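J.: So the protein lines, in turn, are chains A, B, C and D. Here the numbering used here = 1-based position in the first sequence + 162. Here the numbering used here = 1-based position in the second sequence + 162. Here the numbering used here = 1-based position in the third sequence + 162. Here the numbering used here = 1-based position in the fourth sequence + 162.
In case anyone wonders, no lab produced these hints; they're calculated from the structure. Since we're looking at a predicted model, the values are computed, not measured. There could be a bad hint or two in this list.
Note that the list lumps identical chains together, so a pair holds whenever it fits in one copy or between two copies.
Stated by the list, open to error - Only pairs whose alpha carbons sit at most 20 Å apart, straight line, appear in this in silico SDA-like list of lysine to any residue:
hint, residue 1, residue 2
1, LYS435, PRO315
2, LYS240, PRO209
3, LYS415, ASP337
4, LYS240, LEU431
5, LYS415, GLY340
6, LYS435, SER250
7, LYS240, ASP272
8, LYS415, ARG368
9, LYS433, GLY360
10, LYS415, GLY329
11, LYS313, LEU402
12, LYS435, GLY226
13, LYS362, PRO293
14, LYS433, ASP243
15, LYS433, SER250
16, LYS415, PHE338
17, LYS290, ASP265
18, LYS313, TYR408
Protein chains: 4
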Amino acid sequence: MPDAHAIDRLFARRNFLNACVALTGGALIAAAGRARSEPTTAGPPDPALIEDLVAANHILFDQGVVDGYGHVSVRHDKSTDRYLLSRSLAPELVTAADIVEFDLDSNAVDPRGRAFYLERFIHGEVYKARPDVKSVVHHHSPAVIPFGVTKVPLQPVFHMAAFVGEGVPVFEIRDFGGMTNMLVSNPQLGAALARTLGNKPTVLMRGHGAVVVGNSLHQSVARSVYLQVDARLQAQAMALGGEITYLAPEEVKKFEDLGGAGYERAWELWKRKAMAEMR
Amino acid sequence: MPDAHAIDRLFARRNFLNACVALTGGALIAAAGRARSEPTTAGPPDPALIEDLVAANHILFDQGVVDGYGHVSVRHDKSTDRYLLSRSLAPELVTAADIVEFDLDSNAVDPRGRAFYLERFIHGEVYKARPDVKSVVHHHSPAVIPFGVTKVPLQPVFHMAAFVGEGVPVFEIRDFGGMTNMLVSNPQLGAALARTLGNKPTVLMRGHGAVVVGNSLHQSVARSVYLQVDARLQAQAMALGGEITYLAPEEVKKFEDLGGAGYERAWELWKRKAMAEMR
Amino acid sequence: MPDAHAIDRLFARRNFLNACVALTGGALIAAAGRARSEPTTAGPPDPALIEDLVAANHILFDQGVVDGYGHVSVRHDKSTDRYLLSRSLAPELVTAADIVEFDLDSNAVDPRGRAFYLERFIHGEVYKARPDVKSVVHHHSPAVIPFGVTKVPLQPVFHMAAFVGEGVPVFEIRDFGGMTNMLVSNPQLGAALARTLGNKPTVLMRGHGAVVVGNSLHQSVARSVYLQVDARLQAQAMALGGEITYLAPEEVKKFEDLGGAGYERAWELWKRKAMAEMR
Amino acid sequence: MPDAHAIDRLFARRNFLNACVALTGGALIAAAGRARSEPTTAGPPDPALIEDLVAANHILFDQGVVDGYGHVSVRHDKSTDRYLLSRSLAPELVTAADIVEFDLDSNAVDPRGRAFYLERFIHGEVYKARPDVKSVVHHHSPAVIPFGVTKVPLQPVFHMAAFVGEGVPVFEIRDFGGMTNMLVSNPQLGAALARTLGNKPTVLMRGHGAVVVGNSLHQSVARSVYLQVDARLQAQAMALGGEITYLAPEEVKKFEDLGGAGYERAWELWKRKAMAEMR
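Just chain A, same shape as in the assembly (with noise of 0.2 Å):
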């Protein structure tokens, strides 16, 4: 642990900064981004990625997870050093015509004066802590919050949510910044915050959401999902009373060691109906 002190007089002097950028707006802020030397491209992505991040925005409406905030981006297939991310937007009308890339410092690759997500920090640094990671969904799933906000642990209910066995860490934004405006508006913040992830499968924002990561958009947006309806289980659980029954460590890794196979059929289904709605 470094000096609680010394970060707190470190964070002291960022939080007048993070002030000075969150109130300028998105205007702004993408003249900011112009005014640093503009990222190089990695070239244009997979078509069938950018149809399958823009269903990934559908999708998680559709199931609850985000209502007209929240984000979900995606590690360029060119390049392990890019994003991929929408323009700041409601998920639900995310078209593929308003994809941006992104560097791991979060700086567009051709910001042409759009506003982009405050948060999307919190995608550049936890790509950068963690290879293994291709996909990185931010949300709001109330079902989720009561359990960033009490010292309850989220749990593994069923078998569907055996990820959650992995722990759930609770992020309290106080220990890096203090009083703030909730944001991880910074990359100091991002980075704090992919530090809590560590090598979890997500992480709680207290009084804020979650971060949910995975080596596929199928799997970061599935366990988001049902990151809900575990959320939701276990507080039906409680309310019923006396001891409840989680999944052992060792069923969640043999449930978990299953692999990709896990999510796909509820994939294919999603995916149809966003599409459908698109249309």
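Got chain A; can you put chains B, C and D on it based on the hints?
T.: Frame of chain A; chains B, C and D shown alone:
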């Protein structure tokens, strides 16, 4: 605090009049409106404002904030002494043709025999008391009502509902009108409600619903939606047991300082969906 | 209270007959109906009443009050001794062609071999006992059933459900039929249910559902919807803990005195939506 | 009870094989199916049965009993030794072309390289053990799962779920397979599950879901729906506090004796809605 007995005596007489008014129904109320000198118009409002007001009605229904009841108004863009509100109609059925101009005593400029909401005085009296307020929503959100009938104060569970941290007073109509029909159906009760609201973003009404205000239609509608989300989150967090970490006052202030950017992304989504359904 | 053992003996015999009737299915029941002298018709009902009755069936489904089961009737506009009710059919599938005229003993005027609801006696016996009642709804609303199987009385949480404050008795079928198949499938059980209802707007049926009455179709349907909302509100308020302020009897009375104006705004919305779906 | 240690040893070996099978994915499993002598067909099933099976898949999704996972089968109308089940696919996507014939060892008659549900052994083993069963549903209903991970037994709260009163055993897979991947992915676990089911209508699976059987597709589907409704009702009734009056065993029996008429009205509604969506 004024003398409680004097108020009681005053309201004993007022209640009799209220009952007379309430029992006459819509037609006679409109007629009564005509009997006074009708207020003059402030001129045609901006068509974009009317469009947004119609959208607001539909959004509040889509989001489950209102059912067949509840209403939303906006201050006239040509005069701070006029506001715009639908004639008496379920919000989901409101079109531009149903929007009526009222003065701050809640008299219609051009009643044309139409029936109006019995509780329109909520709007007029809040606009009188709060020059900063540009829009008022009254609703019976089922998620919110339980907090009005218990002693449990609503608290800000997550950043999207940071405004809840400014405080949520509860209007006990018995304190101002004794035993009533529960409706804020005259200017006196409307003024009492506005006083209870004070300088806050929202006030609960015991056994009835809530009033939510904003510096724009977008803000009053979004606050109505996130008040509802927050109430659900708090109830769920309380059900898990143990201590809950709510947003601290400094966090509330810093998030609120982000200002109007806060809810535009949601409004764009909600309006597009509401308009698509109307076509 | 009559002698319990005598009632038990009486019902031991009646139950045997009930079981015979129930086991024969719809066709034989209809045949049995024909075997008695069929009642004469009161003449064609007002087409607007039929249209409203069909709408009521669809509204109750749209609002989640009924699923595949439950039924709604209205007293004939040409005769207080006749009522109108669909043949045995899920409410969401009912059209004008399915409406059947019954006398107050619940014999169909023109059975034509159609199957009827086994529990139509609920309607006939309530119309006999309550001349003020013009419409009867029977449903299994999931929000309401928990209050029928516990000792927790339903209370009026908000003004839209003020009628709950008139009192909500619970019909324990064991008190009248001993151990039954739970269905009110004969006139005797129907009459017992009507006695338990007394002069109230609604009665819960333990382990089964509820019956809601009104002075019009609009009122019985709206009360069914708001009974459901109120039950949810009370459960949520109880879960928050602490004392709850329900509507006081005077508040109930004053709101009820507002009369029929109460629910017309909701009916207009509900009917328009239901009719649009049918087209 | 057989010797627990002997079973453990047996399953230690079996688990290794299971893991091998599970990890190979769909294609190899189908290939393995072909390696055995493929079973012969019982001939083409009644097209009306296929239509009902397709409808059952969609109904279970419409009612929220299944999401992307879960499956429903029906015994072949030409042979008690064959059953019909979709290839591996989300229920909402199933069409007549996806229905496959299996023998009771859960080998496909005509695999054609298609992937099958890993847990199809649930169906085959239940059909072996229960000649009275004509249809089997496996699902992960979120309302039901909490009762499988606590010690709270499901009880019949209302008449529509009277069958719950026959008893709802819980299958603890650890008792038969030790620490597994939670899936009933071989005949041995399927047989153990069928033994736990015994002569009951349903069995919960700890940390997983439930299996529901019926003497027809209509019954297994309707029981799945009302199991879910009943679980919600019981949780709500328990939350109100105090003693709960469940259906007595005699009431359960008498309602059950009403027989097949019970759920046809709901089936007609559900099928018409499901079919309309497919068009």
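J.: All hints are to be evaluated individually against the structure, with a verdict given for each.
T.: Hints versus structure:
1. LYS435 / PRO315: Classified as neither; 33 Å inside a copy, 37 Å across copies.
2. LYS240 / PRO209: within (12 Å within a copy, 48 Å between copies)
3. LYS415 / ASP337: Answer is between; shortest inter-copy Cα gap is 18 Å, intra-copy 31 Å.
4. LYS240 / LEU431: This pair counts as neither: shortest intra-copy Cα distance 28 Å, inter-copy 32 Å.
5. LYS415 / GLY340: Between copies only: 14 Å across, 37 Å inside.
6. LYS435 / SER250: For LYS435 and SER250, only the inter-copy Cα distance (18 Å) is at most 20 Å; the intra-copy one is 24 Å.
7. LYS240 / ASP272: Answer is within; shortest intra-copy Cα gap is 17 Å, inter-copy 42 Å.
8. LYS415 / ARG368: Close across copies (17 Å), not inside one copy (27 Å); limit 20 Å.
9. LYS433 / GLY360: neither (30 Å within a copy, 39 Å between copies)
10. LYS415 / GLY329: within (12 Å within a copy, 33 Å between copies)
11. LYS313 / LEU402: Answer is both: 19 Å inside a copy and 9 Å across each meet the 20 Å cutoff.
12. LYS435 / GLY226: both (14 Å within a copy, 15 Å between copies)
13. LYS362 / PRO293: Within one copy, since 13 Å is at most 20 Å while 47 Å is not.
14. LYS433 / ASP243: Neither way: LYS433 and ASP243 sit 27 Å apart in one copy and 37 Å across, limit 20 Å.
15. LYS433 / SER250: between (22 Å within a copy, 17 Å between copies)
16. LYS415 / PHE338: For LYS415 and PHE338, the Cα distance is within 20 Å only across copies (18 Å; inside one copy 32 Å).
17. LYS290 / ASP265: Within one copy, since 10 Å is at most 20 Å while 52 Å is not.
18. LYS313 / TYR408: both (17 Å within a copy, 13 Å between copies)
Hints 1, 4, 9 and 14, counting from the list given before, are not met by this structure.
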